[in-house]
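2 protein chains.
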Amino acid sequence: MQSSLSPFFNAKGVAILGASTNPKKLSHGILENLLTFGYKGGVYPVNPKADFILGQKAYASLADVPDPVELAVVVLPVTIIMETMREIGERGIKNVVIITGGFKELGPEGAAIEKSVKDLAASYGMRVVGPNCVGTMDIRTGLNSTFIKGMPPAGPIAFISQSGAICGGVIDLIINSKIGFSHIASLGNMMDVTETDMLEYFAQDDNVRVIAMYTEGIPDGQRFISLAREVSKTKPIVFLKAGKNDAGAKAVSSHTGSLAGSYAAYQSALKQTGVIEVSTINELFNLAWALGSQPLPRGKCVAMTTNAGGAAALAADSLDFNGFELAKISPAIQARLREKLNPSAQVSNPVDMLGSVSPEDYLWSLSNLDNDEGVDVLLPILVPQALVDTLGVAKAWVEIGKKTEKTLLTCLMGERSTKESEQILNSNRVPVYTFPDQAGPVLKGMWEYKKVLEREEFEAITTQPACELALETAKAAIGDRKVIGEYESRLLLDAYGIPNVSGGLARSADEAVALAEEIGYPVVLKIVAEGILHKSDAGGIVLNLHSSEELRVAYDSLIERIKMNETSAKIVGVMIEKMADKGVEVIVGMRRDVTFGPLMMFGMGGTMVELVKDIQFRVAPLSNEDIKSMVAETMAGKLLNGYRGAPISDFDALYDVIGQLSRLSLEHPEIQEIEINPLIVYPEGQGVVAIDSRMILS
Amino acid sequence: MQSSLSPFFNAKGVAILGASTNPKKLSHGILENLLTFGYKGGVYPVNPKADFILGQKAYASLADVPDPVELAVVVLPVTIIMETMREIGERGIKNVVIITGGFKELGPEGAAIEKSVKDLAASYGMRVVGPNCVGTMDIRTGLNSTFIKGMPPAGPIAFISQSGAICGGVIDLIINSKIGFSHIASLGNMMDVTETDMLEYFAQDDNVRVIAMYTEGIPDGQRFISLAREVSKTKPIVFLKAGKNDAGAKAVSSHTGSLAGSYAAYQSALKQTGVIEVSTINELFNLAWALGSQPLPRGKCVAMTTNAGGAAALAADSLDFNGFELAKISPAIQARLREKLNPSAQVSNPVDMLGSVSPEDYLWSLSNLDNDEGVDVLLPILVPQALVDTLGVAKAWVEIGKKTEKTLLTCLMGERSTKESEQILNSNRVPVYTFPDQAGPVLKGMWEYKKVLEREEFEAITTQPACELALETAKAAIGDRKVIGEYESRLLLDAYGIPNVSGGLARSADEAVALAEEIGYPVVLKIVAEGILHKSDAGGIVLNLHSSEELRVAYDSLIERIKMNETSAKIVGVMIEKMADKGVEVIVGMRRDVTFGPLMMFGMGGTMVELVKDIQFRVAPLSNEDIKSMVAETMAGKLLNGYRGAPISDFDALYDVIGQLSRLSLEHPEIQEIEINPLIVYPEGQGVVAIDSRMILS
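Line by line, the protein sequences are chains A and B.
Just add 31 to wherever you are in the first sequence, counting from 1, and you've got the working numbering.
Just add 31 to wherever you are in the second sequence, counting from 1, and you've got the working numbering.
Okay, chain A solo, but in the shape it has when bound (with noise of 0.2 Å):
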C-alpha cells in the first residue's frame, strides 16, 4: 500500500526532535516506545546537549541524522517551530508528528501560527500529524510514537480520535483486557492530516478490519460523507460523537476550537453512509471488538446458557429492546441438552444450568445450541461463584468459540474472579462482557452493519434544472434581503418545478377580486408584509372567501388591522390563494449545516409540528433510498401510507419535492433554511401543493 500516509506507521527510520535526557519529560517517553515495542527502523534523539539518551547516540541537528529517515516527531516549543519546520523540510523528510501544543486551541493568536505552519508545510509537500495531539501506533511494526504507557496486543482495531487524552484513556481501560489493536492516531487540532485521511489510510490496509472513531468535529464533511460511503462497503466504522447538544460542543468548541456541526447532521450523516453510531466510549470498543474477532449475526434467534436466572433475564430484556429475540430450542436439542444437565436445569431458552455449574455443562449445552438450527447467536452467560471454575468454563467458551461458526458473544459478570478468564477470552477473539445487558447494543450494532452490506449501491436522484427565466425573476423580487416570505418562496419553488398552490400578489382590492375570479372560490387571503415573520399570529390570515363581496371586505379589514395592530410592518400586498383542498399536511425543509451542508428535513405539518416533532434529516445529494427511508420513518409517512383505510398518498410527488428541494439548496449554498409548511399530499395521482413557504439567506 503506498499512501503519504504510510510513513507515520511504517517510517524507515524516525527522528525526535526536542528529545529529552529527563525521564520525567514526554519526549522521553516517546523514545522509550519507539525502543520497546520492537520498531525495526532507526531512532534518532536530536537534542544539542545530549549525546547518548537511553542508550541511543543523541544528535546536535537534524542535518546529522543519517539516512534513511522519514518521520520526525517534534516536541519542542511552538516558539520554535517555523524554524524547526523549515529544518524537517529542508532535510527531505515528509511525515511530521507535532505533539507540542499551544495553537488554534488557544485562540486567534495560536490558529495564526497554526496556518503558517500549515503553509510551511505544505511548501515542503509535507504531512502533519497534529499539533497538540499524542501520535500514533502501529501495533504490528511496533512504531510508536506516543508517550502512552504500554501498546495493547495485535488485532483489528484501526482507532482514530482527535483527542489525545482520551487514547492514552483507552488504553489504560482496555490494556489489561487483552482487546486486539492494529493501529492508534491521534489527530489533535488536524491542521493536515484529517480523521478523513486517516480513514481512508485504514480502509487500505489489511491489518485494519474495523475503523473506531471518537470525534469531536469533521472538518471536511462532504468528503467524509463519500469516503464513508466506500469503505463501510468493506470495513465496519464505528464512530462515537462528542458534542452532541449545545453543552457537550461548547466543551468541545473550548478544547480544540472544532467548529461542530449539528447533531441531527451527524446523525444523517452517518446512517446515510453506513457509519455506526454509539452513544459511549465503551459501546464503541464492545461494538468494535465484536465487528473486529466474530462474524456478523445471520439472524436474530439468540440462544443463552447460564448457571444464573437473573443474569440471563438482564440479558433477554436488552436483547428484546435492542430488536433480538430468544431462540427456540428444537424438542430434539431439549432432549440432548437433557442427557447430561443438572435435572433440575432449565433446557428452554436460556438454558439454565444452575449456581454449581461445569466448564463441561457450557460445552455440552454451547456445542448443542450450536447445532440447533435456529440459533443464530451463542451468548453463554457466567456468575462467578464459589465452586465454580471460571477459568475452565472460559477455556470452554474458547473451545466453542474455535468450532462454532454463529456469533459467539459472552458474559463473566464480575470483576474480582475474572480477570484472567477474560484475557483468554479476548486473546481467542471471544468478546466478554461485565454485565449481561451489554450484548444487546452490540448485536444490533452488528446487525446495522449486516444491513449496511446489504443495501443498494449510492446513486444520487436524477433531478431537473431550474427553469432560467423563472430563477431570474425570483433573484430579481429577492434582491439583498435575507428573510424572504411566501411570495418570494414561491418564486423559487416555481423556478424548480415545486408545485405552489394557485395565487397571486394582490395590491388592492380591485386586483384580488381579478386574481381570485381567474383562480375560482373560494380562496385565502395573506398577509405580504416585511417585518411580519408569522402571519397567522399577527392575525395576516384570512381562509374560506366564497365570493366578491367577501373578499373586498375581508381585503379591506385585513388591511386595516395590519396597519393597526403591526406598526412597524411594511405592507407590500396580499396573497389571493386558492383554498386548498384537504390532505394530509406534511413539512419539507432544508437546514444547511456547517459541516456536512444541506441538511433536508420532512415530518408531520400543519399546526401540530411543535407537538409530535416528527421531524427526519438527510443530507444532500440524496439517493432514492434516502427520500424513502426519511419519510418512512416519520408518523407523517405511515400517515400517508393509507393509516386505517385512507387512501394511499402520491408518494411520488412529494419524493419529487424534496428531491427538487434538495437540488435547489445545492445549487443556492446561500439559502440558509427552507421551509415549506405546509406541503399539503393528496392521493395517489393527484400530486402535492405547497400551502405556505419561507426561507432565510445568508
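Hints may be right or wrong, so weigh each one.
Identical chains share a label here; the pair holds if one copy fits it or two copies do between them.
[As the list claims (entries may be wrong)] Okay, derived cross-link-like pairs now, DSSO-like style, lysine-lysine, Cα gap no bigger than 27 Å in a straight line:
no., residue 1, residue 2
1, Lys-566, Lys-613
2, Lys-450, Lys-56
3, Lys-146, Lys-125
4, Lys-55, Lys-371
5, Lys-43, Lys-149
6, Lys-644, Lys-566
7, Lys-56, Lys-659
8, Lys-669, Lys-566
9, Lys-426, Lys-55
10, Lys-180, Lys-426
Hints were generated in silico from the structure; no laboratory data involved.
Dock chain B against the given chain A, drawing on the hints supplied.
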C-alpha cells in the same frame, strides 16, 4: 428495632443444618463465612456424622444445640425438608433460611412441596427466607449466612435481590472497589419473606441509608405501593426490574416462577411511590452509592475540571441529556483559577488544565469552583497519563470531598492505573466512575429523589359513589357477557356519573326517529350487535344525519348492510346519539394488572391513537397529583392546555372522569379492561363527553 425479621441479621446463635465437612460443599462455605466476619453469636454446625467442622463442635441433631439459637440455615435436600422444618419448629427457632432449591422453580410438584412447607412454617410462627436463595448478610454484625466469598466494607446500601446469583455477581463486581453496604438479602422463591417485608425492615434500620432492589416480580403489588410510598419519604429506594418485556419476562418466569405484571404498571407504580428506577445493574449501584454517600444536588449547575477536554465533552453531553447543565463560572472565580493554573488552561467550564496536571491543580480548581455560588455539583475528571500522579489526584479529590457541602462525583477514565485510587475515593465516600458519561444518569436519579422529597403527601382523591339503581340496571344489562360494547358500557359509566353523549338504543326506525326528536339533530347511528367489536371497520357507523328522512333511510340501509356483511353477528339494535360538537379527543381507560391492580390510562384519542402512541399510566388508587401528572406528561395534555392559542380545556371535568373511572375499576375487580375513546374535552366550564366505550370482564 424489634421485627420478626431481626434474627436474620442479628440472631443470638445460628445453627447450620447440613453443615458439611467437605470444603467443596456450599454448606461448608456458609459455616466458614459465619466464622470469618466477626459474628459474635454461637455458630452450631448440625451433622450427625461429624465431631468438628472448621474447629467448631458439630451436633448430631438440632435438639442438642445449646441456647441461645435464633436462626436456622437449611442446606439439606428437599426430600427431607418437611421433617427438618418440624425439627426447627419444635426447637423453638422462629427464623429459617432455606438455601436448598428444588421447589416452585421446578414446576407444580415443587410448588406443592413449597406450599406444604409454607403452611408448616406458619403453624410454628416461623419466618422463612428462601427457599432457593443464597442467604443474607449483615455487614456490621458479621452474620453472613451465604456461601459468597468475601464481604464488602460497611456502608449505607442495603441490597435486596430475589436472585442469589445476582447477589454473588454484584459482590464479585464491587468488592474490590470498596463501595460500602449495610445488608445483602437474597430472597429466592419468597415463600414467606418478600421484598416488601425486607423493604419494611430496612426502612427501620438506622444503618441503612439507601435501599437497592433487583426484582423479577413483586408478589404483593398494592402492599408494596403503600409501603414504598412511606419509605421513600426518608430513604431512597433504587429499583432494577428484570423481565421488562416478553423475552425478559419469559426468562424470569422459567427462573423463579414469578408471574410478572406488565412493565408499564411497574413503571407507573415506581413513579407514583417515589421509587427511582434504573435500567442496568451498573446504574443500580452507581446511583445507590451516590445517594448513600453524597448530599443531593441543590441545583442543576455542574462544574467540571479535567486534564482531558474530550472526556469532559462526553460528560457534558451526558449531563445535558440527563437534564443538567454546565455552570457559568463567575469572572472572579475564573480570574482566581487563572492565578495558579497553566497559562494555556481553559478556565471557563469545563476547566481544562491540560494533560500533565498535578494534584495541586485539582485542589486549586476545585476549591475555587466550590466557592462559586453558581456551582451546585463538582465533577472532576482525570484521564491517567504518563506523568500524572493519579493517586495524588485521587487524594486531592478526597480532601475536597471532606470540605465541600456540594455534590461531588468523580471520574477516573482508566483501569490499569486507577484501582488503588478508586479504592481510596470510595473508602472516603467519594463516588468515582470509569466513564465520563456515567455521571449524568446518576445526577438525574439524585434529582428525581430530590423531587420525591419535595412532593406533597399522598392523599387519595375523593370520588362520588355510584348510583345504586343505575348500577343494578347496568348489571342486569350486562348479564354474564364478558365482552361488552357501548350500550352496556354507557350504563356503567352513567352509574358512576361519567357523562355519555346523549342517546339511546333503538330497535326500529320509528324508535330511532322518536329518540332523535328527543335528543335533537344532527345524530349519529352506531350498530349494536353481538359479535361486532369494531363498529367502524364493519361499516356500522353513520354520521351527521340532519332529519327524520335521512335517519330512516340510513337506519334501514345500515341494518341491511350489517345483515349482509356480518352474517354471524346478532343485531340488537342501533344506538342513536347526538352528533357531538368538536373538541379535543382523548382516550381514557383501565387495564387490570396482575401485580398492581387497576392501571389507569390516558392519552391522545381518536384516530391518531395508534400512530402517535401517546399514552401514560397510573395505578389506582390515585391522588390528584397522579391524575394531573398523568395528563400533563402526554401530548394530549399539551393540546388541552391552550395549544397554539386554543382555549384552555375543561381539565376539572376530565380529572373527574379519570377519578370516577378509577373508583369504578377499584369497586369492580371483575372488569379487566375499560376504554373510553374518544372522550371529547371542551373548553373550560363546558365539560367532557364520552362518545364511545367498551369493557372486558373476567
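Check your understanding: Against the structure shown, which of the earlier numbered hints fail to hold, in ascending order?
Key -> When the structure is compared with the hints, only number 7 turns out to be violated.
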